[in-house]
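For this one, chain A is given, so just place chains B and C on it according to the hints.
Protein chains in written order, with our numbering: chain A, 1 to 647; chain B, 1001 to 1246; chain C, 2001 to 2409.
Treat each hint with caution, since some may be false.
To be verified - With a straight-line Cα cutoff of 25 Å, these simulated BS3-like cross-link-like pairs (lysine-lysine) come out:
#1 A/K68 to A/K33
#2 A/K33 to A/K109
#3 C/K2243 to B/K1107
#4 A/K106 to A/K33
#5 A/K109 to A/K119
#6 B/K1191 to B/K1133
#7 B/K1120 to C/K2243
#8 A/K635 to B/K1055
#9 C/K2243 to B/K1133
#10 B/K1133 to B/K1089
#11 B/K1089 to B/K1120
#12 A/K33 to A/K119
#13 A/K106 to A/K68
#14 B/K1018 to B/K1066
#15 A/K635 to B/K1018
Rather than coming from a laboratory, the hints here were simulated on the basis of the structure. Model, not experiment: these values are computed from the prediction.
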Amino acid sequence: MFRTILIILAVCLAAPSIASAQDLQSILQSHQKLVAKPSAKTVGTVLDDLAASGLSGTADFLERWRNKELWVRTEDGLFFYTTADGSDLTLLDIDTGETVGTAIKKDLKQIRPNGGVRKAIASALVQFQLSDPDIARRTAAVDAIARAMTADQLAPLQAAIDNEPDAALKARKTRLAGMLAASFADTTEARVAAIQALSDDISVDVRAVLNQILTTKRATAAALPEGANIAAQLTVGQDISETEAYAMLVDADLAPARVSASDILSALTANASDGRVADTPVGTLNTLEARAKVYDTLAAAGTVPTRITDAEAQRLIETHVYFDAYIEKDPAITQAARLALDGIETRVAVSQAADLTLDALSLASIYFLAAIGLAVTFGVMGVINMAHGEFIMMGAYTGYVVQLFIPNYTASIIVALPLAFAVTFAAGVAMERLVIRWLYHRPLETLLATFGISIALQQLAKNIFGTQARPLTSPAWLDGAWVINDVIAISYIRIAIFVLALIFLALIVWILRKTRLGLEVRAVTQNPGMAASMGINPDRINMLTFGLGSGIAGIAGVAIGLYAKVTSEMGADYIVQSFMTVVVGGVGNVWGTLAGATMIGFLQKGIEWFNPSNTLAAQTYMILFIILFIQFRPKGIVALKGRAAGD
Amino acid sequence: MSTLLEMSGVSVSFDGFKAINNLSFQIGEPELRAIIGPNGAGKTTFMDIITGKTKPDEGRVLWGDKGTSLLGRSESQIARAGIGRKFQKPTVFEAQTVRENIAMALKNSRGPFDVLFYRKTAEGAARIEAVAKEVGLTEELPRPAGELSHGKKQWLEIGMLLAQDPRLLLVDEPAAGMTPAEREHTTDLLKRMAETRAVVVVEHDMEFVRRLNCKVTVLHEGSVLAEGSLDHVTANQDVIDVYLGR
Amino acid sequence: MKPGFLSQNPSVLWFLAALGLFTLGVTVLAEATGTGALSTSFVKTLGKTLCLCLIAIAMDVVWGYCGILSLGHFAFFGIGGYAIGMWLMYARTEAIVSESMAAAVIPPTDQEVIDAIGTQIFGVVGSSEFPVIWAFSDSLFLQLLMVVLIPGLLALVFGWLAFRSRVTGVYLSILTQAMTLALSLYLFQNDSGLRGNNGLSGLQNIPGFEDTPQSMISIAFFWASALALGLGYLLFAFVTSGKMGSVIRGIRDDEARVRFLGYHVESYKLFVFTLTAVIAGIAGALYYPQAGIINPAEIAPIASIYLAVWVAIGGRGRLYGAVIGAAFVSLLSSWFTGGGAPNVNLGVYTIQWTDWWLVLLGLSFVAVTLFAPKGIGGLFDAIAVRRTPERVGDYGPDKGALRQEEGTE
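This is chain A alone, in the form it adopts within the complex (with noise of 0.2 Å):
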């Protein structure tokens, strides 16, 4: 084989000059046998002498072969490519590709290569496209090699990376060149070199390669075995219990299987008869005490296997060792890797704890837009907004019926953001109008209030756009993540929500410190009485502030609904972290809700990513540790003494 790759390179290298020496067919039909009737065997023959003809079009012809597109008319035994022209066949030329005439089926026959004639044709192909000068097609080699690593790729890779002239396609190479040297380069040294090489790379793809050197296989012996590559021996009890080491005695032959529980009861059924076994009454035989008695007996007897005791079950363990063993056997290589393994795991510990910082930030970000909202509502007016998420769920789907209007996504998130920010002005607007203005110093029939408001409002979403999660599309520039290694990446929509949190957070520190509203809104909130006789209209404000907070919320729903789905009960899912959100953060103060989302986004992170298999779980927890929280901080994180934060 590797004789061929030296050809192909000599050929590729010296192509022009000699392309026109010979051509396809003629080849083909000094090996007519073999290429109609092709098998795994005698393959090669025919690939070698393809190789080192280097023919141009060898490669297009290599895959037609192996993709069953290649035909031979029987009647003169040449090989034709063919396209379908009615019930008949148009004949091509295999090395001009042009139509030399047309033929009925019955006279030709399809070559149809079995599985391994295929395997050995795209190995062959694999170093062709190695070095085609078609870029795509080059890419697609390496991608074929990166998929199935085999030791026989490693030699055509190394010997097309000279004169690969893409760069980045060269890097390539010589890191898949690299981990295919890890795996099966010729010597020790070459092997070790080439695992050094890879330990500043965190990608799956190398620790891949790494954990399949470190590859070890479980074993037990009387001693351990010499010239073995030992990785670690067990203590019993202690990484193995006396069961599995036991089991693995049985496998290893080492000693004889133990009778069960359920041996014992099948061996006396089967002994069973007239209700007796060895002449004890069955009824007496419903502990596993009685039965061990009857079954020894049984045994005593010859009918049934001896047990074996648990003394001498013991002793056969005790005279064993159980270890781990390397499949790969030269030490000097899997010590190399392991070393290069725990430098790249403390390298990805560390890119997982960012990766889990950015998941954290977008989570929190997600929040405090949810929340953010609500905080002004009851920091403002010391109303509690149950229909709050039902708020966050007409944002989303005003941005889902501004997509059917408007076909084009990014024009219709650009409507549908002020468009839900309206919308929901609108309802919150109404709603303090026709409700909660008659409720105010009654904050929990307020809460109720609203929650009739909540159900009628979700009920209503239900009943007009149905129970099927609605899509809201984001725009083809948010699709994708930026990927900074292996194991950091965030997507573009988080990232826009992020952008989307910090630009409302400076808008509502904005609106609250520099404008006429703002002063008169921290007026109200600190004073309603006195902010009335200073010619303040405390219901002008109530009502602004209310539409502003559910305003907020519509624009968190669309940013919730690009990433997640529309739906009736989507408030729902939300409303009682942002509940969280405001009491942790505490009340009334933008940089509370802050540092409230931040903690609850990061606690929630932290929480899975200790326990990653279970959401469930983790937000428990996190419910419970608020809960516990709020007893140290009744007021919140921020709300303490002093009013450094303002508003």
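Quick look at chains B and C alone, frame taken from chain A:
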């Protein structure tokens, strides 16, 4: 007259603002004492500290003949120890009758199970009648407290304090919003109560204080500015500066 | 109970008489004991409704009387249901398993029986081991104890934490809601040991009464529910009358003032919270054998909010109001959602009540809060001979937790 309550070196600050600054104060039993001071002098905080609502940053608050510390005790424990408090705004349970209001304040065991299995006694009823008579609300006993006039609510609250039978009474601006006749009645009530116990009256109204005719403590910026009879303190230059000079 | 308690609270007697009459009426019309005019499933619905009335009066005491808007009482209800459900499921599975194992040649060991029961019960969540919390499931007595103890202890611990840090008002509501959410999320997990979202099922089959027809079982549970409601009503009427009631209502209206009267407010709240939680657990233990199945969705916070809705519609601060609210709304709800209500054809659109009932309920609830804060129970005031005085105080504290200015203004 023995010392009932002694505060010494008490300071407390909110957000860096010193509401009470190294305050020392003593009251004996029985005694009537008026506390006056401009707004922000720390009068309310002073009462908050005694009743356990606000924890001081430093200082001692000693109570009773044995001089046990009140710091670290909860509001309800302090109330049970014998300190009653009347708020500036009348706070009575408006949804309940005058009788129920007084019954709730009656000096009895305060544990939930004692209260659950509490049985009305003739003695208790007599005590309620007596308190109602004292504050002039006998007629109103079966009426809901919410229907009472402002002045009567104030008296009901004083009546509830009486029913509690405290050794020390803290009364915050009892005469605010009362008619002259009601003020007079209130003055009498306070004076009579002070015959057997310690009463601290926080008040703005000099005229009312004069009528109480008792020792006066002037608070300013969280500490005692002057102490003595009303004539004595009003002659004090510092007091004049504080009240008139700004 | 002190003499004269009943004579001082004539409404209690009226209620008990009405309940007795109702029970008698249903008995006469039921399938097993009377004419059969009422189907077994309807008798079950009525029995369940009585249980809901019981938890509603518990809710009324904690909210309407004590001012704590707990959004967690349905969690206690659910825990009661789970506690009794564990025994029902264990005992019934044991009977089935023993029967099928009796056919084996060799009699099974105790452990084999337990393993087989475990496989039966936990097969759906891919397990066969009994979790620790099932340790007492073989004993009816111990599980009945759990019905009372677990809600009680949970309420005690949670209440102690919450009241100690003086969390009140909407904060407390949200905290109780969070507790409920945490519990239901926990139960939704397969490894919670309570069969995840499958919940416990087959609870209508009472072990030991396999041969008794469901019609008989349903009327027996109806009687038990009626008895529990009657006793619960008496208990709560006793608690909310007299001095205890006075203090509790005082706490609702002005917590700080009660504290300065020398009452340890936190203990009272804890007492009320825990007592009502225990009663809620008992109500749940009676409800779920009639429902036949319990799953974590029953515990979701929304259920507790509905409970508050019932009480508010019925009328807070009066026990019979809560009963009326719970019975009225839950029966109406099952009538509407069960397709009992006729559709309304508007020409362009047909209102199907299965779709629109929740909208109607939500809006009418808003209307009740706005226009009839006394709820349906308020109607009784209008017809009562001695008109009860207008309440002047507010329902519950004014602001959220830890008011700095408590009582001073």
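Against the structure, the hints:
1. A/K68 to A/K33: 16 Å, holds
2. A/K33 to A/K109: 13 Å, holds
3. C/K2243 to B/K1107: 13 Å, holds
4. A/K106 to A/K33: 19 Å, holds
5. A/K109 to A/K119: 22 Å, holds
6. B/K1191 to B/K1133: Since the Cα atoms of B/K1191 and B/K1133 sit roughly 16 Å apart, the hinted pair holds (cutoff 25 Å).
7. B/K1120 to C/K2243: 9 Å, holds
8. A/K635 to B/K1055: 17 Å, holds
9. C/K2243 to B/K1133: Between C/K2243 and B/K1133 the Cα gap is close to 21 Å, so the pair holds against 25 Å.
10. B/K1133 to B/K1089: 23 Å, holds
11. B/K1089 to B/K1120: 30 Å, violated
12. A/K33 to A/K119: Holds: A/K33 and A/K119 sit about 19 Å apart, inside 25 Å.
13. A/K106 to A/K68: 16 Å, holds
14. B/K1018 to B/K1066: Violated. B/K1018 to B/K1066 sits at ~30 Å, over the 25 Å cutoff.
15. A/K635 to B/K1018: Within the cut-off at roughly 22 Å; holds.
Hints 11, 14, counting from the list given before, are not met by this structure.
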